[in-house]
Amino acid sequence: MHAFLQSVSAIAMPVLCAVVIVLVLPLLAGYIVLVERKVMAHMQARLGPMRVGPHGLLQPIADALKLVLKEDVIPMNADRMIFWFAPVISVTVALVAYSALPIGPAFQIADLNVGLLFIVAVSSLGIYGIVLGGWSSNSHYSLLGAMRSAAQLVSYEVAGGLALVSVLLLAGSLSMKEIVQAQLDQGVWFVFYVPFGFFIYLVASIAETNRAPFDLPEADSEIVAGYMTEYSGFRWALYFLAEYANVIIVAGVATTLFFGGWLRPLTRYRDHFPGTSVELLDVVPTLAMIALAVYCFRLAPEQPVRVQKRVMAAAGVKCLLFAAILLASLFGSDAVRQGVHGAFWFLVKVGAYIYCFMWFRFSFPRYRFDQLMRLSWQFLIPLALVNVIGVGVAIVLREKWDWNPFLSLVPTTLATLGFAAWLTAEESDFSDEAEGSAAGDAGEAAVNGGGE
Amino acid sequence: MIPVSHYLFLSLVLFAVGVVGVLTRRNVIIMLMSIELILNAVNINLVAFSRLYGSVDGQVFAIFVIADAAAEAAVGLGIILAFFRNRKTIHADEMHLLKW
Amino acid sequence: MVLANILFYFFALLAVGSSALMITRKNIVHAAVFLVTTLLATAGIFLQLEAEFLFVVQILVYAGGIMVLFVFVIMLVNLDIEMRAVRFNGQWKVAGALAFVLAMQVLTALWAGRKTFHLPAPPTALAAKNTEAVADALFSHFMLAFEVASILLLVAMIGAVVMGKRSAE
Amino acid sequence: MNAGQEAAGFGTAHGIDTTVLGENEIILNMGPQHPSTHGVLRIKLRLDGERVVDSECIIGYLHRGVEKIAEHRSYPQFAPYVDRMDYVAAVSNGLGYCEAVEKLLGAEAPPRARVVRTILAELQRIASHLLWLGTHALDIGALTPIFYAMREREEILKIFEKYCGARLTTHAFRIGGLQYETYDTFERDVKRFCEDFAQKIDQYETLLTENRIWIGRTKGVGVLSADDAIALGVTGPVLRASGVEWDVRKALPYAAYDRYQFEVPTRESGDTYDRYLVRIAEMRQARLICLQAVDGIPEGAIMARIGKVLKPPPGEVYHSIEGPKGELGYYIVSDGTIQPYRVRVRPPSFFNLQAFHRMARGAMVADVVAIIGSIDIVLGEVDR
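Listed in order, the protein sequences are those of chains W, C, V and L.
Residue 791, in our numbering, is where the first sequence stops; the numbers in between run on with no holes.
Residue 646, in our numbering, is where the second sequence stops; the numbers in between run on with no holes.
Residue 171, in our numbering, is where the third sequence stops; the numbers in between run on with no holes.
Residue 483, in our numbering, is where the fourth sequence stops; the numbers in between run on with no holes.
Just so you know, not all the hints are guaranteed correct.
Below are the DSS-like pairs computed for lysine-lysine, each with C-alpha atoms no more than 27 Å apart in a straight line [claimed, not checked]:
no., chain 1, residue 1, chain 2, residue 2
1, L, K299, L, K257
2, W, K739, V, K131
3, L, K202, L, K167
4, L, K202, L, K407
5, L, K299, W, K377
6, W, K516, V, K131
It is worth saying that the hints were derived from the structure and are not from the lab.
Start from the sequences and build out the full structure, keeping to the hints where you can.
The structure is reproduced here in structure tokens:
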């Protein structure tokens, strides 16, 4: 019995983290959707959600309510069991992947020594949710979406995995915590060491999460909604949740591997406030939150309705609360300070990465399926291979001949760049031959268009 | 501690189920999946012994087995697809002509 | 370690149960889902045996790769015909006999070795550095086998491409 | 079916044979409720994987019997109905109808009316192309251009609204001229719009023209050769993208087009990308025409003297104009009463849609969407 209690107490903290993640994630996903809609709206010269709460701040809650209350339609000839189960697979798998993601040094469910591989492996299971959901709907659109998805995910996993390998070689570990530690020790974020690794991972992660311009499995203008076509109500919401959970996962992995995880920018600059142990740069998060709060308070009186004024003010108060927590943690123990501030920086970086996702989504048209495949197999994977080999060479240079770590990676980057240029040139040669002289005279539009 | 014989017994059961599957089902894909199950059972064995003797050799073997399973699945499914294209069936009983 | 023991029996039951369901389902997609479940349960057993790297490889390669290929192919072949077909062929007796013989063999072996088959306390060095240990063994002692395996995979890949390619009909 | 007919794309009563499907082939019903069939078009696709083996357009879901209605309305009464055919280019429809009836009457609108008609028709062309650009880009997955396009289209619709009170189905013209005099700031509004619009087009082009993905998605997709296009009766930008320089405004000038300098943009390869470029270039040209026209709107009457009750002499007339989507023709037979004996409309979308089958063969599902978008159909006009 004693042993049992011991093992229970050992898992208390991880369970707590897990509960927090499961509770917070849907809310977070909802607000990412809101931010996405607002960002999209502002990029497209309009306002976006404005009605539910000030600037649409309560929109996610309204949406969630609507989705839960909606009728749940199951098509007549669907495979009911799998139709019911597929979205659950998607969500479960996405949530399981969080168990190895370190949100700050303190907040991690399990520091597996194969943490990175675990995340990649578990994420690769998410495909079942999509494929089975698409298949069980018994609809051609769904099936097309499922097939596209299966092929796409498998292809881009290879490219993304190879991009991760370049970081593994540099960090020498698969544990997420140790990768961050390695970046702290080497004093540089790995994105500066292997920019191409990051680029490949960026593209592959967009494709793996089925986001535009790689959103073919759910391309609404072609196959209606792909594998989600027949889903409605809560089940559909589960898919939605899984998608955003996956976005956060890939953003978290990219942050951890390429952007120093929970590390503050400029970790080497460690000047203190005179007479205290508080570092100068550690007050930046507090100031940022205060600035946000001030912004909210200034917006509050401008809201049209009293309720909206209050909600806006409440948002400001919440920001102040965060600021207070961040400030208080500065005077706590080292573990508390690093835990709180680490989580702050981690989330900020994840947010920036997700913002890039949104930016791409609103800027680019969608790829066609064969182009998508060609991009992965004929461009990204060869590029990633060259990159990995180059990083291997750089490590040899560094360890055998004592090269400067940064200098040793410059040839790698240049070689990869050259290879990328060569691949691109090859590709456009190919299309030139295939399509005659059509390529490259896009500027002729202006000629035909005349002008003044 | 769980005695290693329990692992072996589990492995045995999975192996037997796999054998029954291969021998009794008519669908070639399910037969192929049963073979995967058999390989999987072997892996449990290997890993259990690896743990028993405190050496990673068993795990390395298991990795080779997985590689083999991947190769087998790829070729097997390729054959099945080609066969299905030509004969519109994936039943073992109907694969009695030694030609396409 | 009570929890670990519970986990083992949980995963073992899951594996056996879903494998039995796998070979009896009429619908191939259901069978594939149950096989995935079996494989994941096996992965759990690997983790419980402190073979972390293999646990991840099992999920990544087996469940996330090979089985996806299976599901993909299942969707390519026409299922409607399958649903109406007879599920089993008439080899129950042979299968039963073979399974029985195998079972007897292994049980005999188990009985003979019942004294030796106990897991020692986990050697902590192995557990902590599982990935490194596997890599060391793989790239030193088993280097040749590793290369052979990679050639096998290459051959299989080419073979699959040749097989899957549509012939000029 | 002989080889020549086959080459020209004339099927006998064409339909997909669904009884014998190859392995891996499926029949996909795209529409009538599909996000990118632009209305209630239904396309039956026979797919091998994602590749289109055969296709069949099924139309008629929006059939309202417009032509039949004409036989029971007097000539002026029927004019508002034509706005409901191509409802995103109502002004052009009205222009065609009014001019056809005028031809039948032997009357001619006064110069001022003709110039104003030209301006409004060209603005309508820009508005129609903008809507096309937005939806076409949306079909290909670019989410943003549609909002920019709608923003500019809104300016045009505002001008329409100020002019005649309606935004979409304007009924802007009357047989014999215009009902309304231009409003006070008409010239200024049009001029300001046209001056701003040049850089707006540049904006759209920044987003799309040299975008690798856009080029990849449109170049070489849905190629229609010039011969095929002519054989199928395709007109408008689709025809010009195939390299045929045919524009009714130049060939058979109407309204006041003979007064203005403008080019007819053409391209060579006839793929989706070329159709995009042609329409973009056409917007620039339309803008130039507007700028030229708005500077010298002649003074004078806006209505010809045609009497209150229109009773054209018995006879028939065919009059066509260059609508935003192609040649929009009206064939009107008069029996000397106040109602037309027969009105037959030659809608550009209907004829252009015929080319779909030819363009879609061998394309992928994603290309189908791009091709439909690049034909720029309006189902109200196809089905009438």
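Against the structure, the hints come out as follows:
A C-alpha spacing of about 17 Å is found between K299 of chain L and K257 of chain L, which places the hinted pair at or below 27 Å, so the restraint holds. Among the hinted pairs, K739 of chain W with K131 of chain V is consistent with the structure: their alpha-carbon atoms are about 25 Å apart, no more than 27 Å. As the CA atoms of K202 of chain L and K167 of chain L are separated by approximately 21 Å, the hinted pair is consistent with the 27 Å bound. At most 27 Å may separate the alpha-carbon atoms for a hinted pair to count; K202 of chain L and K407 of chain L meet this at roughly 17 Å.
Taking the CA atoms of K299 of chain L and K377 of chain W, the gap is near 23 Å; set against the 27 Å cutoff, the hint holds. Between K516 of chain W and K131 of chain V, the direct Cα distance comes to roughly 15 Å. Compliance with the 27 Å bound is thereby established for this hinted pair.
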